[in-house]
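Trainee: Combine both chains into one complex, guided by the hints.
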Amino acid sequence: MGKIRIFSAKKIITMNPNQPETTHVAVREGRILSTGTLEELAIWDDYTLDETFHNKILIPGLVEGHAHVMAGALWRHVYCGYFDRADPDGNMWQGSKTIADVIELLQVAESKLKYPALPLAGWQFDPIYMDNQRVTRSDLDQVSATRPVGVLHASGHILNVNSKALELADLLRPGINHPGIPLDKDGLPTGELYGPDAIGPVSKYVGFDRASMEGDADALRAFGKICVRSGVTTITDLAARITEESVDKMLEVTEHPTFPARIVPLRIFMGASAKDTIDLVLSLKERSTDQLRLGRIKAVADGSIQGFSARMRWPGYFNGAPNGLWYTLPEQLGELYRLALANGVQVHTHTNGDEATEMALDTLAPALNEVPSVDHRFTLQHCQLADAAQFRRMRNMKMCVNLFANHHFYWGDEHYRLTVGPERARRMNACRTALEMGVPMAIHSDAPITPLAPLFTAWCAVNRLTLSGRVQGDGEKISIQDALYAITLGAAYTLHLDGEIGSVEIGKKADFAVLEQDPIDIGGANIKDIEIWGTVQGGRVFQAKKL
Amino acid sequence: MNLAGLGIPVTVLSGYLGAGKTTLVNHLLRNADGQKLAVLVNEFGALPIDKDLIEAADDEVISIAGGCICCSFGSDLSAALSQLSAMNQPIDHILIEASGVARPEAIMWSVGLVSGVLPDGIVILADAETIQKAARDKYMSDTILAQLQAADLLILNKIDLVTEEEVRVTSSWLALQNENAPIIPITYGKVERDIVLGHCVQRIYAKGAHQDAAGPSTLTLLPKHNIDVLELAQTLAKDYPNIARAKGFATNKSGEKILIQVVGSRYSTSIVSKELPDGIVCLGLGETLRKRHFKRLLHLLKI
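Chains A and B, in that order, are what the protein sequence lines are. Heads up: take any position in the first sequence, counting from 1, add 29, and you land on this note's numbering. Heads up: take any position in the second sequence, counting from 1, add 970, and you land on this note's numbering.
For reference, chain B alone in the conformation it holds in the complex (with noise of 0.2 Å):
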């Protein structure tokens, strides 16, 4: 969503072969809702795509119901990268499923050198059944524990296939390879579509704060004055472990418009030349996220 016309947000998906990225890939795209999602692959090989999605499909790009596509960028991302931000059919984000020998950080930097698009988060996938056993491997174990420890957001999925006491076990040992990421526990990859692809900022602009019956649990935060952005994006990504995203806009204390994104524990703040409406959606993870959990925040944001 290049709302701010800061470019097309990237959002990249990693995580060891078997972990789920097809299968999540496929939930986010049947549950776009309007949104126009572009998937890129490293290869067209095993076809990632559900049959029924298909509308049609070259050499280069699947076009996906709902608007959305998938490509394969083979070994030139950033040329994909900057086809995908010219196109004339607008994109409001982009995920790029990486391979399982990838390196999320490096291909984060590389989109972090293409115009157009902005790097959003690095969300790794782990099976909740193999993570261990496959961090262990003879060969693949730092290339699998690095993945972990680049990750903004850790999925654990495929939860249904052990036990609560191994949820638990597994999460914790999660938590000691990265202690920043928030753990988002999940079956089939059925994951939140705004926790991964961070859609929620529009909520601003539907009802200002407001819960939905489903989906995570959300809280808008609405500054009056100009604020410390920075000193707010830090804390909502530091110190508020059980919020997952939190994306947004407030105004410095220079008067400037910034935007603000947090996935996890990594945080951006953008300049914006555009009038918007102050406010920040946060998405929560566990139990509803409530005002009196933020008073040192609210106190930052004088509210």
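For reference, chain A alone in the conformation it holds in the complex (with noise of 0.2 Å):
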């Protein structure tokens, strides 16, 4: 038997509603043994009193429902955002809130570099913050005439390459056919590359290869740092291509005693048929460790609001743009709701616009008359459109949700101008009409889409302020204790974790957030501002500036 370990604190948060606050929490074997004051978990045995955090407040280690550990791999490129942000070793990145800054940007990074062919490549990149001003391959020749160099966007869904990049694809010459690629006076593509089909034969020129973005050693190091800085101790790697052998790599990875985050990489539906990737997950699911939980799936149903590829019902796009694209089936996505119902599997399923919502719930209903199960929690992902009816189904069906909260601050006016309208901006990620309808709820940042940080997303959903400053959804906020709940346990539920993490109770896991401020006595509008000195996770300390 180890150790007891006592920590004290100026407050612990438990969210455990028979002991909501208390001072003190022993800690043995990674896991919490007691709460409460010094006296009575004194009575357990001997113990060491911690004293780090006597002026700190703790809650339970944040859970993010839904990131990718892309957002520790995009950081070996240059940040190029239009928003301050830490990098995972803290340091601060300034936005570039000109053109004339991001080439700056990368053209010091590129006398930085040693070797002529090596590429160079930033990313985060949002015109939309700089009148969406167009960059071409001319700008960013100025960066290098010899090197390939590409600037993926914000959204994910453009990629400006230099001369050299369009030379390496054999994209440099006349005849290019492609509604992707503009083509220039010249005949020859500007550089500019829109969309998935026209970014994909060119990103891994410039640096983008899907293996380094889908994760290897280095990327989960780093994701581990940004968790720490978050004051996240669980998190997802939500659609990963997870195979025996990347786990092995995970593995060694997370078992490392530094490695600071449980990691839930949830595999892919795509690219292998239903039951290959039952069989799959249900293989990898018994190699399961404490800081790497596998056995779950994610499906994705459709693309996205902003990129106009989500699925809309009536009447569609507030523009007038087509209706977006399916991604899966439903004939392939109710013969897997099928077979992971029969097999005791999870599946999360990402539906943006609400009539990939409503497909997911009339796939799911056919399925769970045939394979009744009791607590299968399937969640929908995103589900930024779904209205009051279709989230009392979800109740009736036993599903989750986890709503993408931080779309109101970055496209929250794109949204109600644009995409899909006043009305329907209005109840996007409608956090409040869940909890009411009784749907059990998270709130998510997608990062790196936008940055890990669920206190920034908490903000998000109790005050839906979106960039220009208004208040979009006021009946869709939430409380502040509501949106705590929904990072912790609501997260961990979605999950089927609640009864290891998301609130400090006795037998639960010792993951704790440090915070400077008690996010309760700070209140809603400055709930983002708390500064995090780091986490306990697994009973081991974590200081975000010792990394």
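Some hints here could point you the wrong way.
What the hints assert, rightly or not - Per the computed footprint, the stretches of chain A lying under chain B, defined by three or more beta-carbons under 8 Å from a beta-carbon of chain B, are: (1) 201-214; (2) 222-231.
Said to hold, decoys possible - The following label-pair restraints were derived from C-beta to C-beta distances: (3) B:Leu1270 to A:Tyr144: 51 to 61 Å; (4) B:Asp1020 to A:Ser140: 50 to 60 Å; (5) A:Met426 to B:Asn1058: 20 to 30 Å; (6) B:Asn1058 to A:Pro208: 51 to 61 Å; (7) B:Ile1024 to A:Pro208: 31 to 41 Å; (8) A:Pro145 to B:Ala1049: 23 to 33 Å; (9) A:Lys126 to B:Asn1222: 48 to 58 Å; (10) A:Pro211 to B:Pro1247: 33 to 43 Å.
Said to hold, decoys possible - Here are the simulated SDA-like pairs of lysine to any residue, each with C-alpha atoms no more than 20 Å apart in a straight line: (11) B:Lys1108 to A:Ala394; (12) B:Lys1006 to B:Pro1018; (13) B:Lys1108 to A:Asp416; (14) B:Lys1103 to A:Asp416.
These are computed hints drawn from the structure, not numbers from a lab. Backbone N, C-alpha and C define an ideal beta-carbon position, used for all residues, glycine too.
Mentor: Shown next as structure tokens:
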């Protein structure tokens, strides 16, 4: 039996209604032995008292139910975002406010590269905030004429490349005929690539190769550091192309004594049949460890709203764009649901548009009639446009939902004027409706699409402010208590992990987020500004400043 | 068939779940007749190739009798196409079996970006018994209609399961969805290989104008002078709905050798550097193609 370590804190918010607040927590073997006063805890056995957190606030370790390891991988490239952002090592990168800023940033990075053939890539570029100015290959040729250069937009749907990158991909030639590749007056591509079909053939030449983007060992380690900085102790890698081999690597990294997060990878349903996918995850599930939780599947029903590839019900897109794309056939999704229910495998389904949500509901209903299941917790991910009736169906089918609360802030204004129009923009990511209809709910960042920061995500759900400062959908705001629940127990519930994590109570993992300010005292308007000291994960202390 | 050094021709085959894509692919492999076909599929899930055709299989490639292969391209089609075009063992034709949610024209745009391969045509398969019902599906309707509209050739499969009257009705309905693509009625996926893959062109070199006893009706046009090649290609594609395919070479007025390809209503012309004899093979549908049907064309060709 290990030693008992008792942490004292200014305040511990437990999320356990039997004892909502306390000051001490005893930890043994990486788990919470008990919470209460020092006197109560001292009765157990000999202990050491750790007062590192005596002036800090402890809350349950935060749970991010929708992120991607790619959030770690991207930092090996140049951050070109509009907003200031900290990298995994804690260096703050200033946001680029103009195209010239971006070019200069890339020029500096270029001058540090040694070998002339090395590619240079930037990411998170967002000209939406720069009057949508276009960037062409002649702009990026100023960065380098000899090495391939590419800049990926924040949306992930546009890539700008220089002449060298086009040349390597054999696209710097006349006669290109592709709607995603505009041509210059000279008949050659401008270097702007729109959509995955146009980006795909070029991205690997600028350094966005598939293997590194999906997360190698270094990316996973960087991902772990980002977790500590944002108070996260359990996180999903939603839609990984997991194989038996990639699991070896993930086990090696996550089992290291200094790796600070519990990773929950979901195998994407793509490129293999439903049966093969179920067989694979069942075999992977047996290799799960405390820090790596395998055995779940993510399916993708449609595309994205801002990319106009989400499937919309009547009356469709506000700007009249044609309806989006299906990524999985209803028949294939139905087969997956039936087999997964029969084998006790959980499926999370990406549905952005409300027609995709409707299709998933219509597909799961008959599968549940065929294979009744008492506690499947099948979860709709994003589910951004669901209406009250759809939430009622989710409740009746005992489904969960994980809403994309960060969207209000980053793209709320675009949704209002362009994609879905005012009324549907106000009901997007309808947190209040979900809770009132009784659907277990989480909220997420989809990092790296938006930054990993559950307290910011909570702020979005509480305030529903857009970037321009408008409140969008006052009726869908939730309380700070509900938001805190969503980023702890709520997200844990969608992963069947609420018995292990998500609250500070006896028997659970000793996972805490260590905060400098009290989220309840600071109030909903300021919750995003709370400083995060670090985390405790499985009883191990990780200070962000000392990573 | 990389005859003119322009790249391996690529055909995209699509159609809704159950239309018979896999049966048709197996039929083509059984009747490849020495042609080396590479079949690209989204996934190996439900094995796409009949067991008796398989010589060897690993995670990435299934080797098929007669030198054909089948590979899955997962999410990187352009990489798979590049690999195929660079293979030591030469491939004559690539057939992409697209999934039921695919946008075939988007796949063809992607094909057009890869060097070493050449877009050929989009072939869409429809189940004579279920296509009209499927096209009314709550969720898949617009996807299915878009696939039919993208077709250069429409293949109406399983016509043995419906009456002749229903074949006529469904054919007219298909023609309403896509007024340009020839409609080819078949059973059990048994479609004439040359119509899908357009390997008719070597007939020029075999015996000149020559009509097989079986198989589609053929007519070989032999221009005797330099001609307006673009006009010829357009005319074959737009004015002759009973021509399913045409392929061959002609010399334009500037004296350049041009490859002409027509698949249904789609046509393309490309300059080739090799010295090849002029001649365009046309494959017809239904009644025999005769020279007298082609007066305007013959006038154009000054034949």
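Trainee: Now tell me if each hint is right for this structure.
Mentor: Status of the hints after comparison with the structure:
1. 201-214: holds (count 6)
2. 222-231: With 4 residues closer than 8 Å to chain B, the region 222-231 of chain A meets the three-residue bar; holds.
3. B:Leu1270 to A:Tyr144: 51 to 61 Å: The hinted range 51 to 61 Å holds for leucine 1270 of chain B and tyrosine 144 of chain A, with Cβ atoms some 57 Å apart.
4. B:Asp1020 to A:Ser140: 50 to 60 Å: Between aspartate 1020 of chain B and serine 140 of chain A, where Cβ atoms are some 59 Å apart, the hint holds.
5. A:Met426 to B:Asn1058: 20 to 30 Å: At roughly 54 Å between Cβ atoms, asparagine 1058 of chain B and methionine 426 of chain A fall outside 20 to 30 Å, so the hint is violated.
6. B:Asn1058 to A:Pro208: 51 to 61 Å: 35 Å, violated
7. B:Ile1024 to A:Pro208: 31 to 41 Å: 38 Å, holds
8. A:Pro145 to B:Ala1049: 23 to 33 Å: 25 Å, holds
9. A:Lys126 to B:Asn1222: 48 to 58 Å: For asparagine 1222 of chain B against lysine 126 of chain A, whose Cβ atoms are near 54 Å apart, the range 48 to 58 Å holds.
10. A:Pro211 to B:Pro1247: 33 to 43 Å: 40 Å, holds
11. B:Lys1108 to A:Ala394: Holds - the C-alpha atoms of alanine 394 of chain A and lysine 1108 of chain B are around 16 Å apart, at most 20 Å.
12. B:Lys1006 to B:Pro1018: 17 Å, holds
13. B:Lys1108 to A:Asp416: 19 Å, holds
14. B:Lys1103 to A:Asp416: 29 Å, violated
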